[in-house]
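Visitor: Spelled out, the chains give:
Number of protein chains: 2
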Amino acid sequence: MSDLAGSFENSNSKPLSADAHAAAELDRSSRAVRRTRRASSLGQILANSLIASQRGSTALLRLSRPSKRNALDNAMIAGIENFMSDPPEGTRAIIIYGEGKHFSAGVDLAALSESRAQGGSITFSRAFHRAFDRIENSEIPVIAVLQGAVIGAGLELAAAAHIRVAERSTYYALPEAALGIFPGAGGAVRIPRLIGAPRMTDMMLTGRTYTAEEGMPLGLSQYVVDDGQGIAKALELAEKVAANATLSNFAVLQALPRIARMDPDGGFLLESLMAALTTGDDEAKARLDAFFRTRAANAAHSPNGDDL
Amino acid sequence: MSDLAGSFENSNSKPLSADAHAAAELDRSSRAVRRTRRASSLGQILANSLIASQRGSTALLRLSRPSKRNALDNAMIAGIENFMSDPPEGTRAIIIYGEGKHFSAGVDLAALSESRAQGGSITFSRAFHRAFDRIENSEIPVIAVLQGAVIGAGLELAAAAHIRVAERSTYYALPEAALGIFPGAGGAVRIPRLIGAPRMTDMMLTGRTYTAEEGMPLGLSQYVVDDGQGIAKALELAEKVAANATLSNFAVLQALPRIARMDPDGGFLLESLMAALTTGDDEAKARLDAFFRTRAANAAHSPNGDDL
Chain A
1184 MSDLAGSFEN
1194 SNSKPLSADA
1204 HAAAELDRSS
1214 RAVRRTRRAS
1224 SLGQILANSL
1234 IASQRGSTAL
1244 LRLSRPSKRN
1254 ALDNAMIAGI
1264 ENFMSDPPEG
1274 TRAIIIYGEG
1284 KHFSAGVDLA
1294 ALSESRAQGG
1304 SITFSRAFHR
1314 AFDRIENSEI
1324 PVIAVLQGAV
1334 IGAGLELAAA
1344 AHIRVAERST
1354 YYALPEAALG
1364 IFPGAGGAVR
1374 IPRLIGAPRM
1384 TDMMLTGRTY
1394 TAEEGMPLGL
1404 SQYVVDDGQG
1414 IAKALELAEK
1424 VAANATLSNF
1434 AVLQALPRIA
1444 RMDPDGGFLL
1454 ESLMAALTTG
1464 DDEAKARLDA
1474 FFRTRAANAA
1484 HSPNGDDL
Chain B
1184 MSDLAGSFEN
1194 SNSKPLSADA
1204 HAAAELDRSS
1214 RAVRRTRRAS
1224 SLGQILANSL
1234 IASQRGSTAL
1244 LRLSRPSKRN
1254 ALDNAMIAGI
1264 ENFMSDPPEG
1274 TRAIIIYGEG
1284 KHFSAGVDLA
1294 ALSESRAQGG
1304 SITFSRAFHR
1314 AFDRIENSEI
1324 PVIAVLQGAV
1334 IGAGLELAAA
1344 AHIRVAERST
1354 YYALPEAALG
1364 IFPGAGGAVR
1374 IPRLIGAPRM
1384 TDMMLTGRTY
1394 TAEEGMPLGL
1404 SQYVVDDGQG
1414 IAKALELAEK
1424 VAANATLSNF
1434 AVLQALPRIA
1444 RMDPDGGFLL
1454 ESLMAALTTG
1464 DDEAKARLDA
1474 FFRTRAANAA
1484 HSPNGDDL
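Each protein sequence line maps, in turn, to chains A and B. For the first sequence, our numbering begins at 1184 and goes up steadily by one. For the second sequence, our numbering begins at 1184 and goes up steadily by one.
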């Protein structure tokens, strides 16, 4: 993982930000005991294996179970759902990343076997659905930083994020069929939307893997960066995201995917409603006014300055 | 076509496998007379222009009309439907390939004209639909090996397969509009799912063709291999496919494409049901148990061996 992320991995080390408050919060998180309910303070611990921190208006959520390649168990899934249901006040972007060399090697198979023994496979799957649905349907943009293994439910988690930044070490795999199982964390719905059903079919039937660079043109990520650069890139993107009008971001996350799935006739109307609502918003008025003031100021200095 | 495939093209020549039994079966096929009903024995002849053979648990179906670039006529379409309706017992993967330099140059235009003269164009089209639907909805994975011309109904046939392996000589074309006709073998439904409607629109309006290497990133195939390597690659993939749990392969072929087309809400539920059913299956239990035994054995040798 990146040097920047490395600073998160040991919360006694120097944190990402030189900000003394944030440093104190990260230290506090390292001393906190496991809590089942999410705390809304910074540096919160959601489970032993899930740690949240804050940098400005960006919240970072770290999968923190590196000895298991961040395999996802019940506590982590409940923690993700809790965090996404009530992110810290004022958060404008969320970054999800993995501690260590891997994003996530998938579902914790011991937890899966246990759910099976207890006849609760469907409940287990539905808990993943609730948690990842909170990500996909979040009104706050979610950026996933990927590295190393992005396998099974790890890929299903990544697919629920709005933006994926893959470090070069990333590789994608769906080995479920070899184990006799099937994706149960929303991957069968979301992954074909990224890469098409035929490519997912091939990955599942033959065990084929894709690298970060192969995956980007297929749709598995929107960005590929060098190893160690993922968090920095995600923070840079989060800053751009945070600079947009809130209602425009809402429209992108809530309206765009639904319009894409709708009958076009209804989709066009929904688009018009969304466009009219954003245009009528005070924030749009203020931003448009600022644009015209800047143009007028430029026009005073240049004869061609009134180009739009 | 490949050297390996070459061995199939003349069934008196040395067959693909050195296996004496398979060789005998291939010889038998060469002596068989035309039968209207499919025989379930190996080396069956489904039509003069369609020949099936078997290698282990993989069934191979050869389009065998090389003088017509494997143009598809009524007998071949009926043969494909018959074969796919009742594949040989124990078949775990099916490979469809073309004899000679081309996969298929499309519908046999003489047969199309004849159907037109008899007012049976719609019947002709629906027969293609039934046959290719048997491929797409097969519970046994179907791999198409492409080379040379993959034109019109040839591309429509390829699009119905689950995995496409294209040799470098492959080129894709949809020249229907220049002939005043329109795809009638499911291509208007399936090809936009592979490459998007705008790319298919361009191919049809302008006669644009794509090569094997151009086609892969667009979704026309999942693999590109050197000329002559298609059958070997398909057999290698078939072996991986055959090693999966039967119920997982069923889920990939039956559930995945339907989930991809469903309303997401229903799709998530169907995914959970499919995941729970596979997880509860004895084969999954055996495979997960084997996974944990291997992990435990590795852990005895390595302190980090219990990673997922």
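Since the hints were derived computationally from the structure, they do not count as laboratory data. Quick caveat: nothing in here was measured; it's all calculated off a predicted structure. Take the hints with a grain of salt, since some may be wrong.
[Claimed, not checked] Result set (SDA-like, lysine to any residue): computed pairs, CA atoms no more than 20 Å apart in a straight line: (1) LYS1468/B to GLU1297/A; (2) LYS1423/B to MET1399/A; (3) LYS1423/A to ALA1293/A; (4) LYS1251/A to ARG1275/A; (5) LYS1423/B to GLU1297/A; (6) LYS1284/B to GLU1396/B; (7) LYS1251/A to GLU1396/B; (8) LYS1468/B to ALA1300/A; (9) LYS1423/B to ALA1356/A; (10) LYS1423/A to ARG1275/A; (11) LYS1251/A to ALA1261/A; (12) LYS1468/B to LEU1292/A; (13) LYS1251/A to GLY1463/B; (14) LYS1468/B to ALA1293/A.
[To be verified] Simulated restraints, written as ranges between beta carbons of each label pair: (15) PRO1400/B to ARG1351/A: 17 to 27 Å; (16) ARG1441/A to ALA1479/B: 26 to 36 Å; (17) ARG1441/B to ALA1443/A: 50 to 60 Å; (18) ALA1293/B to THR1306/A: 28 to 38 Å; (19) ARG1441/B to THR1429/A: 14 to 24 Å; (20) ASN1427/A to ASN1257/B: 16 to 26 Å; (21) GLY1273/B to LEU1456/A: 26 to 36 Å; (22) ASP1448/B to LYS1423/A: 48 to 58 Å; (23) ASN1231/A to GLY1449/B: 52 to 62 Å; (24) ASP1385/B to LEU1460/A: 45 to 55 Å; (25) ASP1409/B to GLY1239/A: 34 to 44 Å; (26) ILE1305/B to ARG1470/A: 24 to 34 Å; (27) ALA1428/A to GLY1449/B: 26 to 36 Å.
Every residue, glycine too, gets a C-beta built ideally from N, C-alpha and C.
Visitor: Below or equal to 20 Å on CA atoms is what counts here, so check LYS1423/B against MET1399/A.
Guide: violated (25 Å)
Visitor: Assess, step by step, whether the Cα of LYS1468/B is no farther than 20 Å from the Cα of ALA1293/A, and give holds or violated.
Guide: holds (12 Å)
Visitor: Take the C-beta atom of GLY1273/B and the C-beta atom of LEU1456/A, compute their distance, and say whether it sits inside 26 to 36 Å.
Guide: violated (57 Å)
Visitor: Is 17 to 27 Å right for how far apart the beta carbons of PRO1400/B and ARG1351/A are?
Guide: holds (19 Å)
Visitor: When you check the alpha-carbon spacing of LYS1251/A and GLU1396/B, does it fall within 20 Å?
Guide: Violated, at about 39 Å.
Visitor: Does the alpha-carbon distance linking LYS1423/A and ALA1293/A stay inside the 20 Å limit?
Guide: violated (40 Å)
Visitor: Within 52 to 62 Å: is that where the Cβ-Cβ distance between ASN1231/A and GLY1449/B falls?
Guide: violated (35 Å)
Visitor: Starting from the range 34 to 44 Å, see whether the pair ASP1409/B and GLY1239/A falls in it by beta-carbon distance.
Guide: Check failed, 53 Å falls outside 34 to 44 Å.
Visitor: For the pair supplied as a hint, LYS1251/A and ARG1275/A, confirm whether the alpha-carbon distance does not exceed 20 Å.
Guide: Since the Cα atoms of LYS1251/A and ARG1275/A sit roughly 31 Å apart, the hinted pair is violated (cutoff 20 Å).
Visitor: Starting from the range 48 to 58 Å, see whether the pair ASP1448/B and LYS1423/A falls in it by beta-carbon distance.
Guide: Distance hint for ASP1448/B, LYS1423/A is violated at roughly 32 Å.
Visitor: Taking the Cβ atom of ARG1441/A and the Cβ atom of ALA1479/B, is their distance within the range 26 to 36 Å?
Guide: violated (47 Å)
Visitor: Check whether the Cα positions of LYS1423/B and GLU1297/A lie no farther apart than 20 Å.
Guide: Answer violated: LYS1423/B to GLU1297/A is near 28 Å, above 20 Å.
Against the hints set out earlier in the document, violations occur for numbers 2, 3, 4, 5, 7, 13, 16, 17, 18, 19, 20, 21, 22, 23, 24, 25, 26.
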